[in-house]
Amino acid sequence: MMDDSDAVAVAKAREGDQDAFGMLVERHSLRLFQLVYRMTGNEQDAEDVVQETFLRAYKQLTRFESRAGFGTWLHRIAANCSLDLLRKRKRRDEKVETVELESEDPLLTLSSQAPAPDDQAFHLEVRQQVEAVMEQLTAMERAAFVLRHFEGKSIEEIGSALGTGPNATKQSIFRAVQKLRRALEPVLSSTP
Amino acid sequence: MNHPTEDQFVLYHYGEASGDNEIAEHLEACESCRANYQVLQRVLAAVETLPVPERTESYGAEVWRQVRPQIAKPAKRRDSYFWRLLPWPRWALACGLGLLLLGAFHAGRFWRPPPTSTTTLVVQPQPLSAGARERVLLTEIGDHLERSQLALIELINSKTNGAVDITPEQVLARELAAVNRIFRRAATDAGEPGLASVLEDLELVLVEVANGPAKLSADDFAALRERIDTDGLLFKVRVLGAQVRNRERDAARELAANRL
Numbered sequence: 777m778m779d780d781s782d783a784v785a786v787a788k789a790r791e792g793d794q795d796a797f798g799m800l801v802e803r804h805s806l807r808l809f810q811l812v813y814r815m816t817g818n819e820q821d822a823e824d825v826v827q828e829t830f831l832r833a834y835k836q837l838t839r840f841e842s843r844a845g846f847g848t849w850l851h852r853i854a855a856n857c858s859l860d861l862l863r864k865r866k867r868r869d870e871k872v873e874t875v876e877l878e879s880e881d882p883l884l885t886l887s888s889q890a891p892a893p894d895d896q897a898f899h900l901e902v903r904q905q906v907e908a909v910m911e912q913l914t915a916m917e918r919a920a921f922v923l924r925h926f927e928g929k930s931i932e933e934i935g936s937a938l939g940t941g942p943n944a945t946k947q948s949i950f951r952a953v954q955k956l957r958r959a960l961e962p963v964l965s966s967t968p
Numbered sequence: 004m005n006h007p008t009e010d011q012f013v014l015y016h017y018g019e020a021s022g023d024n025e026i027a028e029h030l031e032a033c034e035s036c037r038a039n040y041q042v043l044q045r046v047l048a049a050v051e052t053l054p055v056p057e058r059t060e061s062y063g064a065e066v067w068r069q070v071r072p073q074i075a076k077p078a079k080r081r082d083s084y085f086w087r088l089l090p091w092p093r094w095a096l097a098c099g100l101g102l103l104l105l106g107a108f109h110a111g112r113f114w115r116p117p118p119t120s121t122t123t124l125v126v127q128p129q130p131l132s133a134g135a136r137e138r139v140l141l142t143e144i145g146d147h148l149e150r151s152q153l154a155l156i157e158l159i160n161s162k163t164n165g166a167v168d169i170t171p172e173q174v175l176a177r178e179l180a181a182v183n184r185i186f187r188r189a190a191t192d193a194g195e196p197g198l199a200s201v202l203e204d205l206e207l208v209l210v211e212v213a214n215g216p217a218k219l220s221a222d223d224f225a226a227l228r229e230r231i232d233t234d235g236l237l238f239k240v241r242v243l244g245a246q247v248r249n250r251e252r253d254a255a256r257e258l259a260a261n262r263l
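So the protein lines, in turn, are chains A and B. For any residue, its number in the working numbering is found by taking its place in the first sequence, counting from 1, and adding 776. For any residue, its number in the working numbering is found by taking its place in the second sequence, counting from 1, and adding 3.
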């Protein structure tokens, strides 16, 4: 079911009220950015895809069926925009560094005590491995895995969003997990 | 129950396995599976370390500031009416792209710019390098192989209830076969017999699916499925796809190294 305030804003936006659509943009941008960043792995691409998603949503607003959540519908459009981008994108020479190495690492901030240098190096290695494997997943593997792992979408929802059948969706997720496991298992087994 | 497979563990982890309780009981009883599953849990937990850049509270307002002008004055495409009149299906456009790529590939192979004097200071536009062209071609072939692989997986896993209706798969197979033909010819002309051979096998199946009856009896469907399985086509496509992706990565690295 759709959030009431979303439903009201969508109805107004359909009648041409741009401010109502602006409210929806402001409300959903952050969650959308998080999804798209995980799918694209690039900050600038993620910002572009977020904008593209809202533009597509605005153009297709009359096709939106209000029984589905507006956020879910947006996520579906964003997933497809990301998939298009991943397929078309030529791997860039310069990957934008998004996070400073010494901060914002969930593993590092778990403890109030400063981690030992060995721990820092270990966590950094794990994260670098994760990033490297995610980069090497195919567009479909990455999209399906992100939607399952980070967004908690069901196989059915993912298939519906990406236009794939349940078996193909599962296979994409299985292959993504296999690749992650192959790369991470040796690193994780050397836990300090 | 037998030891669950790796894939069943993945589904179990995400709460999507059909026999959740059986797997849970098995994990209680089987030490090796428990250890195996714990490794999987650790791997998936490690993925959580992937950071997402912070956004300020005003991010939504910033997005709206950028989106608003674009929806306020929608730019009319001068050619929109022309495109709407185009009766071509998507596969025809894909073929066009394939031909363009093929042309670009050959242009890079046989065309060499005339020698220029080292003293001439005229700056001319640089044609796309052979490496860049190769990379574009490899990317497109890699995407095509991935789509074909998914289509085959979907087809052989179709649920049978006596007869099978493969109408949607036929539409997709028709598109894929048309694109496949372009890439197969390009591979043959480029002296890539291994690539051309797998693409040829793939094309035979795609054409068979596309041009066969939409409704298959259980026996016909079993025969088709067996053919895909027996010939190891799916495996060959998967291996080839991985090889193409590796070559694409190598090409990318080479390009980046040349730029430095």
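FYI, nobody ran anything at the bench for these hints, they're computed from the structure. Being a predicted model, the structure only gives us computed values, none of them experimental. Even for Gly, the Cβ is constructed at its ideal location relative to N, Cα and C. Each hint should be verified, as a subset may be incorrect.
Claimed, not checked - Covered stretches of chain B (in silico footprint by chain A; criterion: 3 or more residues with CB under 8 Å from a CB of chain A, positions within the stretch not fixed):
hint, region
1, 14-22
2, 29-35
3, 206-213
Unchecked claim - Straight-line alpha carbon distances no greater than 30 Å define the calculated DSSO-like cross-link-like pairs of lysine-lysine that follow:
hint, chain 1, residue 1, chain 2, residue 2
4, A, 835, A, 864
5, B, 218, A, 955
6, A, 788, A, 864
7, A, 864, B, 239
Evaluated hints:
no., hint, result
1, 14-22, "holds (count 3)"
2, 29-35, "violated (count 0)"
3, 206-213, "violated (count 0)"
4, 835/A to 864/A, "holds, 23 Å"
5, 218/B to 955/A, "violated, 37 Å"
6, 788/A to 864/A, "violated, 35 Å"
7, 864/A to 239/B, "holds, 24 Å"
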